[in-house]
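> Line by line, the protein sequences are chains F and H. All the letters of the first sequence, read from the start, carry residue numbers 1 to 391 under my numbering. All the letters of the second sequence, read from the start, carry residue numbers 1 to 312 under my numbering.
No lab work stands behind these hints, which were simulated from the structure alone. Wrong hints could be hidden among the right ones.
[Stated by the list, open to error] The list that follows gives simulated cross-link-like pairs (lysine-lysine, DSSO-like), each with its CA atoms no further than 27 angstroms apart:
(1) F:K297 with H:K69
(2) F:K93 with F:K331
(3) F:K10 with H:K130
(4) F:K167 with F:K149
(5) H:K290 with H:K223
(6) H:K15 with F:K297
(7) H:K135 with F:K10
(8) H:K110 with F:K10
(9) H:K109 with F:K233
(10) H:K129 with F:K10
(11) H:K153 with F:K233
(12) H:K180 with H:K2
(13) F:K233 with H:K69
(14) H:K110 with H:K130
(15) H:K69 with H:K153
(16) F:K10 with H:K124
(17) H:K110 with F:K233
(18) H:K69 with H:K2
(19) F:K10 with H:K109
(20) H:K269 with H:K290
(21) F:K10 with H:K153
(22) F:K137 with F:K338
(23) H:K282 with H:K231
(24) H:K109 with H:K124
(25) H:K179 with H:K153
(26) F:K331 with F:K136
(27) H:K134 with F:K10
(28) H:K282 with H:K269
(29) H:K134 with H:K124
(30) F:K297 with H:K18
(31) F:K137 with F:K149
(32) H:K210 with H:K223
(33) H:K124 with H:K179
(34) F:K338 with F:K136
Fair warning: this is a prediction, and the values are worked out from it, not measured in the lab.
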Amino acid sequence: MLHTFHYSLKTLFRNRMLLFWTFAFPLILGSLFHMAFSNISESEKLTVFPIAIIENDSWQENEFFREAFSALGDENNADQLFKIRYADRPEAKAWLQNGEVEGILELDGENVLLTFDSEGIDQTILKFAADEVAQKKQIVEALSQEEIKAQLAAGNFAIDADGIREKIEARLAEEKDTLQTAVSELDYVMIEYYSLIAMTCLYGGILAMTALNQNLANLSDKGKRVAVSPASKGRTVLASVAASFAAQLLGLAILFLFTIFVLKVDFGSHSGLVVLLAVVGSLAGLALGIAVGGLVKASENSKTGILIAITMFGCFLSGMMGITMKYVVDKNVPWVNKLNPAAMITDGFYALYAYHSFSRFWWNVASLCLFSAVLIILSACVLRRQKYDSI
Amino acid sequence: MKNVIEVEHLTKAYKDLKAVDDLSFEVREGEILGLLGPNGSGKSTTINCILSLLNFSAGSIRIFGEEMKPDAYDLKARIGVVFQEVAVFDELTVYENIDYFCGLYIADKKLRRQYVEEAIELVKLGEFKKFRPKKLSGGLLRRLNIACGIAHKPNLIFLDEPTVAVDPQSRNHILDGIKKLRDAGATIVYTTHYMEEVEILCDRVMILDKGKILASGTTDELKGLAGMEEKITVESEEPEEAGLAAIRAQENVIAANYRNGVFLITYRKGENNLAELIEILKREGIRYHKIFSERPTLNDVFLELTGKELRD
Numbered sequence: 001m002l003h004t005f006h007y008s009l010k011t012l013f014r015n016r017m018l019l020f021w022t023f024a025f026p027l028i029l030g031s032l033f034h035m036a037f038s039n040i041s042e043s044e045k046l047t048v049f050p051i052a053i054i055e056n057d058s059w060q061e062n063e064f065f066r067e068a069f070s071a072l073g074d075e076n077n078a079d080q081l082f083k084i085r086y087a088d089r090p091e092a093k094a095w096l097q098n099g100e101v102e103g104i105l106e107l108d109g110e111n112v113l114l115t116f117d118s119e120g121i122d123q124t125i126l127k128f129a130a131d132e133v134a135q136k137k138q139i140v141e142a143l144s145q146e147e148i149k150a151q152l153a154a155g156n157f158a159i160d161a162d163g164i165r166e167k168i169e170a171r172l173a174e175e176k177d178t179l180q181t182a183v184s185e186l187d188y189v190m191i192e193y194y195s196l197i198a199m200t201c202l203y204g205g206i207l208a209m210t211a212l213n214q215n216l217a218n219l220s221d222k223g224k225r226v227a228v229s230p231a232s233k234g235r236t237v238l239a240s241v242a243a244s245f246a247a248q249l250l251g252l253a254i255l256f257l258f259t260i261f262v263l264k265v266d267f268g269s270h271s272g273l274v275v276l277l278a279v280v281g282s283l284a285g286l287a288l289g290i291a292v293g294g295l296v297k298a299s300e301n302s303k304t305g306i307l308i309a310i311t312m313f314g315c316f317l318s319g320m321m322g323i324t325m326k327y328v329v330d331k332n333v334p335w336v337n338k339l340n341p342a343a344m345i346t347d348g349f350y351a352l353y354a355y356h357s358f359s360r361f362w363w364n365v366a367s368l369c370l371f372s373a374v375l376i377i378l379s380a381c382v383l384r385r386q387k388y389d390s391i
Numbered sequence: 001m002k003n004v005i006e007v008e009h010l011t012k013a014y015k016d017l018k019a020v021d022d023l024s025f026e027v028r029e030g031e032i033l034g035l036l037g038p039n040g041s042g043k044s045t046t047i048n049c050i051l052s053l054l055n056f057s058a059g060s061i062r063i064f065g066e067e068m069k070p071d072a073y074d075l076k077a078r079i080g081v082v083f084q085e086v087a088v089f090d091e092l093t094v095y096e097n098i099d100y101f102c103g104l105y106i107a108d109k110k111l112r113r114q115y116v117e118e119a120i121e122l123v124k125l126g127e128f129k130k131f132r133p134k135k136l137s138g139g140l141l142r143r144l145n146i147a148c149g150i151a152h153k154p155n156l157i158f159l160d161e162p163t164v165a166v167d168p169q170s171r172n173h174i175l176d177g178i179k180k181l182r183d184a185g186a187t188i189v190y191t192t193h194y195m196e197e198v199e200i201l202c203d204r205v206m207i208l209d210k211g212k213i214l215a216s217g218t219t220d221e222l223k224g225l226a227g228m229e230e231k232i233t234v235e236s237e238e239p240e241e242a243g244l245a246a247i248r249a250q251e252n253v254i255a256a257n258y259r260n261g262v263f264l265i266t267y268r269k270g271e272n273n274l275a276e277l278i279e280i281l282k283r284e285g286i287r288y289h290k291i292f293s294e295r296p297t298l299n300d301v302f303l304e305l306t307g308k309e310l311r312d
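Bound-form chain F, shown alone:
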């Protein structure tokens, strides 16, 4: 196994195409991001912008939303995000068409309706804020019900409303991922870098796919040599894939060092968790490479093309080419980004950066592990059962 591992590393590090995609391309893209976004970040960060809110019955009845947006629109609040104007729908639409507001927020019962005339950072921030308030409201309601049930179950029929409020506040304080914190730390440029890391993690799949191809008789002539040798196919594949994983991690380490020390990107204070997410993300990339290599019937070049296309599309949906896309996908087809490893990685980094609670981070780590396990097990089953009818 060590023999195969050693030579697999040699072949990977001498393959210029693989080196470009795995090592050079992310550095080039990172540098381009840096050049393109370094000034935008400061100039456009959290500028207060006008929005319209439809003052209908649903709005009046929704105390949680009213309080939250009142705080976000408060001129005395250091974290003010919006300059809020209240109106009925026709008036608000007229404002939107005239460019007097950037978006319209309307409540229809429990549903939050947002209307935009264009897509950009302001619209994304409004969308993000509305989603956060709605999510927070759900948490509070769920916690209230939970506490009431607990009190009733304990035989306490005189509900202690103040006690419940205190407990909810304590629970929310524990999580600390308050709306103000999350929104005020929203830095869309960071999402570009997270997507870049996600892309690098997933590009590692090309290395794994190449390693797999070199060991299976139906995928390459070199694989035929391995198949007729006394070396166990499983061990040889494992050693080659391990080498590809090591190379992939090295590529990521270089990217991290480059972005932190050259591009001066701040990934926050949880460096251990950042590394963990990168490793798990790389595992997902490796699993994707194995799946495309083992399950897709096509030439090696075609498979590389397929893998690059999947990775780029996944990164596009996770916000690499424009962060609005991530929120559009999350809103309209949420299951897509639940299955998209690039979105899981991006969201995991974002959760680390913007939230004080780790629950969303761990959720993404677990999702990536599950994604990797499913693909690796599926590929292993297919490859183990594979008997060649033609090669």
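Keeping the supplied structure of chain F fixed, place chain H upon it in accordance with the hints.
Then chain H, alone, in the frame of chain F:
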């Protein structure tokens, strides 16, 4: 002499097409068996089935007396394979390629170093040790391909068309190397569609076509099957009908045909076929420029057996 390979009723079918059709044969220890046949005759498929690379529809395969299976690792350790396609890593040097593939068989580093050096010497690649494959010519690549397949000193070697598209110098190196392997005691199965190589190298020959064995035996035995002993070619002007009739009437003539300025006359065994032909040419006044006699080739045998040429 022991049988190293025993194949019985091997059949490999793709739906209605039988790529290998009920083949039974054996390979004896220390011999070079040539598998001769045109492209698509089933040579490579037969080898891939023997090596357990392909499933087969029916039959049995035993190597060194044991059933060959995908996980027969002890058997695989004694087998070397040189595939038709050059299968080496472009990223590794000549030495590293041989060392990598040898390492799949030989774990001991010191022994492996010795084996790799010997393989390099055998295929005469000493001065190219540090070259990457992309810098090698087609012939040198073929030699590297062979070294990768035989460096671990196997007892049984499969060589699948190892000389396709190589220059004469490399071909000679390759053929010399194969003879040395045989002299060192290896049993060799050699597939090709170059009949000259088979005649030079092989102790026995099996002619395949459409997945079936058409004939097998030594080259002399096979030529005997064609019923011809001698082939005389005469470059001349077209003779009169009477002259042609006189040639055809010659004792031992099987066939005599004139085409494009060349007479081709095939004979059964006879002691003075050439001398008698020259007499007839003089007597009939047929002027000729060149005349030469040769033994029939395996291509003639193949032509006789199938009605088509080996390289059709």
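> Evaluate each hint against the coordinates.
Checked hints:
no., hint, in the structure
1, F:K297 with H:K69, "holds (25 angstroms)"
2, F:K93 with F:K331, "holds (22 angstroms)"
3, F:K10 with H:K130, "holds (14 angstroms)"
4, F:K167 with F:K149, "holds (14 angstroms)"
5, H:K290 with H:K223, "holds (25 angstroms)"
6, H:K15 with F:K297, "holds (20 angstroms)"
7, H:K135 with F:K10, "holds (18 angstroms)"
8, H:K110 with F:K10, "holds (20 angstroms)"
9, H:K109 with F:K233, "holds (21 angstroms)"
10, H:K129 with F:K10, "holds (17 angstroms)"
11, H:K153 with F:K233, "holds (21 angstroms)"
12, H:K180 with H:K2, "holds (21 angstroms)"
13, F:K233 with H:K69, "holds (14 angstroms)"
14, H:K110 with H:K130, "holds (19 angstroms)"
15, H:K69 with H:K153, "holds (21 angstroms)"
16, F:K10 with H:K124, "holds (25 angstroms)"
17, H:K110 with F:K233, "holds (25 angstroms)"
18, H:K69 with H:K2, "holds (21 angstroms)"
19, F:K10 with H:K109, "holds (18 angstroms)"
20, H:K269 with H:K290, "holds (22 angstroms)"
21, F:K10 with H:K153, "holds (25 angstroms)"
22, F:K137 with F:K338, "holds (22 angstroms)"
23, H:K282 with H:K231, "holds (19 angstroms)"
24, H:K109 with H:K124, "holds (22 angstroms)"
25, H:K179 with H:K153, "holds (14 angstroms)"
26, F:K331 with F:K136, "holds (16 angstroms)"
27, H:K134 with F:K10, "holds (16 angstroms)"
28, H:K282 with H:K269, "holds (23 angstroms)"
29, H:K134 with H:K124, "holds (18 angstroms)"
30, F:K297 with H:K18, "holds (24 angstroms)"
31, F:K137 with F:K149, "holds (18 angstroms)"
32, H:K210 with H:K223, "holds (21 angstroms)"
33, H:K124 with H:K179, "holds (14 angstroms)"
34, F:K338 with F:K136, "holds (20 angstroms)"
Of the numbered hints listed earlier, not one is contradicted by the structure.
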